[in-house]
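Colleague: Please construct the entire structure, taking both the sequences and the accompanying hints into account.
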Amino acid sequence: MAKATYETHEHDVIVIGAGGAGLRAAIEAAAQGVSVGLICKSLLGKAHTVMAEGGIAAAMGNVWPEDNWQVHFRDTMRGGKMLNNWRMAQLHAQEAPDRVLELERWGALFDRTKEGLISQRDFGGHRYARLAHVGDRTGLEMIRTLQYHGIHQGIDVYMECNIQRLVKDGDRVCGAVGYWRKNGEMVVFKAKAVVLATGGIGRAWKVTSNSWEYTGDGHSLALWAGADLIDMEFVQFHPTGMVWPPSVRGILVTESVRGDGGTLKNNKGEQFMFNYIPEFFKAETADNIEEAERWYADKKNNRRTPNLLPRDEVARAINSEIKAGRGSPHGGVFLDICTRRTADYIMKRLPSMYHQFKELAGVDITKEPMEVGPTQHYVMGGVRVDPDSTAGTVPGLFAAGEVAGGMHGSNRLGGNSLSDLLVFGRRAGLGAALYAKNFGGQLVVDSGQVEAIVREALEPFDRAGGENPYAIQADLQETMQSLVGLIRTEAELKEAIKKIEVLKQRAGKVRVEGGRVYNAGWHTALDLRSLLTVAECSAAAALERKESRGGHTRDDHPYTDDTWGKVNVVLRLRDGRVQVSREPLPEMPAELKALFQERK
Amino acid sequence: MPAFTMRVFRGNPGGGALRDYKVDADEGMVVLDVIHRLQATQAPDLACRWNCKAGKCGSCSAEIDGKPRLMCMTRMDIFEPGATVTVTPIRTFPIIRDLVTDVSYNYVKARQVPPLRLKPPDADGKYRMMQEDVERAQEFHKCIECFLCQDVCHVIRDHEEHKPAFSGPRFFIKVAGLDMHPLDTIDRSEFVRAQAGIGLCNITKCCTEVCPEHIHITDNGIIPMKERMADNFDPIVWLLRKFRGGRPEPA
Numbered sequence: 000m001a002k003a004t005y006e007t008h009e010h011d012v013i014v015i016g017a018g019g020a021g022l023r024a025a026i027e028a029a030a031q032g033v034s035v036g037l038i039c040k041s042l043l044g045k046a047h048t049v050m051a052e053g054g055i056a057a058a059m060g061n062v063w064p065e066d067n068w069q070v071h072f073r074d075t076m077r078g079g080k081m082l083n084n085w086r087m088a089q090l091h092a093q094e095a096p097d098r099v100l101e102l103e104r105w106g107a108l109f110d111r112t113k114e115g116l117i118s119q120r121d122f123g124g125h126r127y128a129r130l131a132h133v134g135d136r137t138g139l140e141m142i143r144t145l146q147y148h149g150i151h152q153g154i155d156v157y158m159e160c161n162i163q164r165l166v167k168d169g170d171r172v173c174g175a176v177g178y179w180r181k182n183g184e185m186v187v188f189k190a191k192a193v194v195l196a197t198g199g200i201g202r203a204w205k206v207t208s209n210s211w212e213y214t215g216d217g218h219s220l221a222l223w224a225g226a227d228l229i230d231m232e233f234v235q236f237h238p239t240g241m242v243w244p245p246s247v248r249g250i251l252v253t254e255s256v257r258g259d260g261g262t263l264k265n266n267k268g269e270q271f272m273f274n275y276i277p278e279f280f281k282a283e284t285a286d287n288i289e290e291a292e293r294w295y296a297d298k299k300n301n302r303r304t305p306n307l308l309p310r311d312e313v314a315r316a317i318n319s320e321i322k323a324g325r326g327s328p329h330g331g332v333f334l335d336i337c338t339r340r341t342a343d344y345i346m347k348r349l350p351s352m353y354h355q356f357k358e359l360a361g362v363d364i365t366k367e368p369m370e371v372g373p374t375q376h377y378v379m380g381g382v383r384v385d386p387d388s389t390a391g392t393v394p395g396l397f398a399a400g401e402v403a404g405g406m407h408g409s410n411r412l413g414g415n416s417l418s419d420l421l422v423f424g425r426r427a428g429l430g431a432a433l434y435a436k437n438f439g440g441q442l443v444v445d446s447g448q449v450e451a452i453v454r455e456a457l458e459p460f461d462r463a464g465g466e467n468p469y470a471i472q473a474d475l476q477e478t479m480q481s482l483v484g485l486i487r488t489e490a491e492l493k494e495a496i497k498k499i500e501v502l503k504q505r506a507g508k509v510r511v512e513g514g515r516v517y518n519a520g521w522h523t524a525l526d527l528r529s530l531l532t533v534a535e536c537s538a539a540a541a542l543e544r545k546e547s548r549g550g551h552t553r554d555d556h557p558y559t560d561d562t563w564g565k566v567n568v569v570l571r572l573r574d575g576r577v578q579v580s581r582e583p584l585p586e587m588p589a590e591l592k593a594l595f596q597e598r599k
Numbered sequence: 000m001p002a003f004t005m006r007v008f009r010g011n012p013g014g015g016a017l018r019d020y021k022v023d024a025d026e027g028m029v030v031l032d033v034i035h036r037l038q039a040t041q042a043p044d045l046a047c048r049w050n051c052k053a054g055k056c057g058s059c060s061a062e063i064d065g066k067p068r069l070m071c072m073t074r075m076d077i078f079e080p081g082a083t084v085t086v087t088p089i090r091t092f093p094i095i096r097d098l099v100t101d102v103s104y105n106y107v108k109a110r111q112v113p114p115l116r117l118k119p120p121d122a123d124g125k126y127r128m129m130q131e132d133v134e135r136a137q138e139f140h141k142c143i144e145c146f147l148c149q150d151v152c153h154v155i156r157d158h159e160e161h162k163p164a165f166s167g168p169r170f171f172i173k174v175a176g177l178d179m180h181p182l183d184t185i186d187r188s189e190f191v192r193a194q195a196g197i198g199l200c201n202i203t204k205c206c207t208e209v210c211p212e213h214i215h216i217t218d219n220g221i222i223p224m225k226e227r228m229a230d231n232f233d234p235i236v237w238l239l240r241k242f243r244g245g246r247p248e249p250a
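Chains A and B are the protein sequences, given in the same order. Just so we're aligned, residue 0 is where the first sequence starts under numbering that gives the first Met the number 0, counting upward by one. Just so we're aligned, residue 0 is where the second sequence starts under numbering that gives the first Met the number 0, counting upward by one.
Hints should not be assumed to be uniformly reliable.
To be verified - 16 Å max Cα-Cα, derived EDC-like pairs, lysine to aspartate or glutamate:
{"no.": "1", "chain 1": "B", "residue 1": "Lys125", "chain 2": "A", "residue 2": "Glu458"}
{"no.": "2", "chain 1": "B", "residue 1": "Lys118", "chain 2": "A", "residue 2": "Glu101"}
{"no.": "3", "chain 1": "A", "residue 1": "Lys181", "chain 2": "B", "residue 2": "Asp25"}
{"no.": "4", "chain 1": "A", "residue 1": "Lys508", "chain 2": "A", "residue 2": "Glu458"}
{"no.": "5", "chain 1": "A", "residue 1": "Lys167", "chain 2": "A", "residue 2": "Glu450"}
{"no.": "6", "chain 1": "A", "residue 1": "Lys181", "chain 2": "B", "residue 2": "Glu189"}
{"no.": "7", "chain 1": "A", "residue 1": "Lys545", "chain 2": "A", "residue 2": "Glu582"}
{"no.": "8", "chain 1": "A", "residue 1": "Lys113", "chain 2": "B", "residue 2": "Asp132"}
{"no.": "9", "chain 1": "A", "residue 1": "Lys347", "chain 2": "B", "residue 2": "Glu138"}
{"no.": "10", "chain 1": "A", "residue 1": "Lys347", "chain 2": "B", "residue 2": "Glu134"}
{"no.": "11", "chain 1": "A", "residue 1": "Lys347", "chain 2": "B", "residue 2": "Glu131"}
{"no.": "12", "chain 1": "A", "residue 1": "Lys113", "chain 2": "B", "residue 2": "Glu134"}
{"no.": "13", "chain 1": "A", "residue 1": "Lys189", "chain 2": "A", "residue 2": "Asp363"}
{"no.": "14", "chain 1": "A", "residue 1": "Lys503", "chain 2": "A", "residue 2": "Asp474"}
{"no.": "15", "chain 1": "A", "residue 1": "Lys298", "chain 2": "A", "residue 2": "Glu65"}
{"no.": "16", "chain 1": "A", "residue 1": "Lys347", "chain 2": "A", "residue 2": "Asp363"}
{"no.": "17", "chain 1": "A", "residue 1": "Lys298", "chain 2": "A", "residue 2": "Asp286"}
{"no.": "18", "chain 1": "B", "residue 1": "Lys118", "chain 2": "B", "residue 2": "Asp186"}
{"no.": "19", "chain 1": "B", "residue 1": "Lys118", "chain 2": "B", "residue 2": "Asp183"}
{"no.": "20", "chain 1": "B", "residue 1": "Lys125", "chain 2": "A", "residue 2": "Glu103"}
{"no.": "21", "chain 1": "A", "residue 1": "Lys113", "chain 2": "B", "residue 2": "Asp44"}
{"no.": "22", "chain 1": "B", "residue 1": "Lys125", "chain 2": "A", "residue 2": "Glu278"}
{"no.": "23", "chain 1": "B", "residue 1": "Lys125", "chain 2": "A", "residue 2": "Glu114"}
{"no.": "24", "chain 1": "B", "residue 1": "Lys162", "chain 2": "B", "residue 2": "Asp101"}
{"no.": "25", "chain 1": "A", "residue 1": "Lys267", "chain 2": "A", "residue 2": "Asp335"}
{"no.": "26", "chain 1": "B", "residue 1": "Lys118", "chain 2": "A", "residue 2": "Glu103"}
{"no.": "27", "chain 1": "A", "residue 1": "Lys181", "chain 2": "A", "residue 2": "Glu159"}
{"no.": "28", "chain 1": "A", "residue 1": "Lys357", "chain 2": "B", "residue 2": "Asp76"}
{"no.": "29", "chain 1": "A", "residue 1": "Lys299", "chain 2": "A", "residue 2": "Glu283"}
Keep in mind the hints are simulated off the structure, nothing from the lab.
Modeller: Below, the structure written as structure tokens:
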């Protein structure tokens, strides 16, 4: 039988994903003089980065001259409960200011200080006001800037192209196979290096701030290609998502609301965060309302408000208040900014939040408090990478942004995501380009592998009877929401793993109707494979880690355990099964350790 | 839980028709929620674009009862219970399938816009700009590229022949944003005249009316640009500029 031929594109480097990390990686690789293909599931400029609100964390010292990379590094490590890859956290803190200035050079218009420099705002877990921002739509500014800079750099952009699998030549990654959404035809990309920049896994949960694109594609592509994942138990539930009306449950309410003066209150009107200050942050957090109030005006002589503790702490506190019956009418708590700030201030600093609540919930945030509750927002875990080059554990594979693991440890600080995208996006583009340049051999894309991928992708059209892909996705979201949520237990995690196994069986029987042209049912059916993979990884890692830390809280192991503070949970695919192991964290050098002893 | 009749365009470049579906809507639902419910229960292969469902990405543009809107920001409770709600694709661009259109025109136009070139930074390597100066340009940076302004612009909508030399309101405000950047050095007037075709716009303000970000496309973007064009061809202004010397370098 004659072999089918597929549309094929060849590049030195392909980048999968065109959010902040992917765009920055593609720009850097192109600057190194290699041929670059940038592949995105959506139209260019629509990636999840567009939804980022608060800002880019970078110790530029424009507002607080005392700020520097060491302080940012320390905040990041402490926010991650010391489980971060120290070298990633160091590079991130050192390079973020240059990356922000570079965005400015490419046209980003940040809000300014009185002196005309880039203004910086307060955020949870950051010692100094540090987030470069544009109102509450910083992500939009970032993606537009990278997009309009990127289109003039000689990068080939492949829009609405959904990658299904990576292909390998021996041990090396040598390309990827996907389909075009617009016509359902399959397409092959041959490349010396592949950069994953696919973002997160939020669509496995029911209540999430994530867009449809966050189906864990890159995590799964890497795992299936033999690469290691780390830290998949650490899932960030952002403390403040919308809770009402039901159809908007989960949509993000930016941390900037609290950064700019908003306070959390229960149904008795109490600022409950004062009751939830953990030992770890006691020394730097105000323990009474009077001091916290003074802090807004005089930051030198007062400790920070507990409303700006790291996200994991705030999310758990909100969860406890709701469980104790002190929640708001629609099952959240109150977030109040109108008491402290004028309508003018709110409209200027938080225009999207005003708009969002006004139009979707009929709530005027300049006059009344918001109702908010935790929403799945981010996964700290991801592809295990070399900090300097972002290389994965399989040759030819690189990863940057949310799909990469290690940078944020067990909990990410707000604002550290956009800076992560820029710092490691650039490093991924550089690492992949240098790898491609230095690779002298010949790569062959094996047609047998391509055929198998195509066959698997088209199977759902030919099955008789069978399952509805939307129903399986909804069931998975229910499972993860109820059993692998903010608070976990061994029994529930085991039940989740069993249920995921059943869902995998059902996904094998999924059937789609209609043709291959822009068929949403087919796309959903194919997304199930990666969603189920990341759900299984997250549940398995959560079962393994028998302690509570950052974005992983075990009701049956409620304390943080130093032994667990020395290991990552590593996941890899062996003989078709996800294998779980514990491996030691890289040891931080003495001069960096000293940063944690100096100031308590 | 009122049931609505969703009258949705189903079809492809070869043709299509409006099809009626009865769908329940829960409290607070938006049109996009109902379309998703339709996909999950009755029309699994229904094609529609969406990403963020929060009015930030500009993917789910459609015409709802003939009005260009974002599906994710159009609440069902603006319609009478039991009403028929018609959802059709944005009409200006070629149909791919159902509610999805080929918007590649906009990406071609995007590449034609002469990019920014900044003045050198201050001696300490930093750029300084005042808040009130950046705010003027920031208004145009709010654009989410939903292309509703492009959809409703009759120069594009009704005149296929204008497409090669007209870039539409989205790119007029793109240019306005670049021109108003306090540190930009490029003169885009020839581009705006010849390639973007600003002369074809006769200021009907349809674009401004449909902008979900409430950008003053016409008043703050297009009209000042048209005035500058007029100035450029005014011999007195030209002479004055000659005497004063210096104008930005052409793109």
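Colleague: Now, for every hint given, state plainly whether the structure supports it.
Modeller: To see whether the hints hold, each was checked on the structure:
no.: 1; hint: B:Lys125 / A:Glu458; result: violated, 57 Å
no.: 2; hint: B:Lys118 / A:Glu101; result: holds, 14 Å
no.: 3; hint: A:Lys181 / B:Asp25; result: violated, 31 Å
no.: 4; hint: A:Lys508 / A:Glu458; result: holds, 9 Å
no.: 5; hint: A:Lys167 / A:Glu450; result: holds, 13 Å
no.: 6; hint: A:Lys181 / B:Glu189; result: violated, 36 Å
no.: 7; hint: A:Lys545 / A:Glu582; result: holds, 15 Å
no.: 8; hint: A:Lys113 / B:Asp132; result: holds, 12 Å
no.: 9; hint: A:Lys347 / B:Glu138; result: holds, 12 Å
no.: 10; hint: A:Lys347 / B:Glu134; result: holds, 11 Å
no.: 11; hint: A:Lys347 / B:Glu131; result: holds, 12 Å
no.: 12; hint: A:Lys113 / B:Glu134; result: holds, 14 Å
no.: 13; hint: A:Lys189 / A:Asp363; result: violated, 52 Å
no.: 14; hint: A:Lys503 / A:Asp474; result: holds, 11 Å
no.: 15; hint: A:Lys298 / A:Glu65; result: holds, 12 Å
no.: 16; hint: A:Lys347 / A:Asp363; result: holds, 14 Å
no.: 17; hint: A:Lys298 / A:Asp286; result: holds, 15 Å
no.: 18; hint: B:Lys118 / B:Asp186; result: holds, 13 Å
no.: 19; hint: B:Lys118 / B:Asp183; result: holds, 6 Å
no.: 20; hint: B:Lys125 / A:Glu103; result: holds, 10 Å
no.: 21; hint: A:Lys113 / B:Asp44; result: violated, 54 Å
no.: 22; hint: B:Lys125 / A:Glu278; result: violated, 40 Å
no.: 23; hint: B:Lys125 / A:Glu114; result: holds, 11 Å
no.: 24; hint: B:Lys162 / B:Asp101; result: holds, 14 Å
no.: 25; hint: A:Lys267 / A:Asp335; result: holds, 13 Å
no.: 26; hint: B:Lys118 / A:Glu103; result: holds, 12 Å
no.: 27; hint: A:Lys181 / A:Glu159; result: holds, 7 Å
no.: 28; hint: A:Lys357 / B:Asp76; result: holds, 14 Å
no.: 29; hint: A:Lys299 / A:Glu283; result: holds, 12 Å
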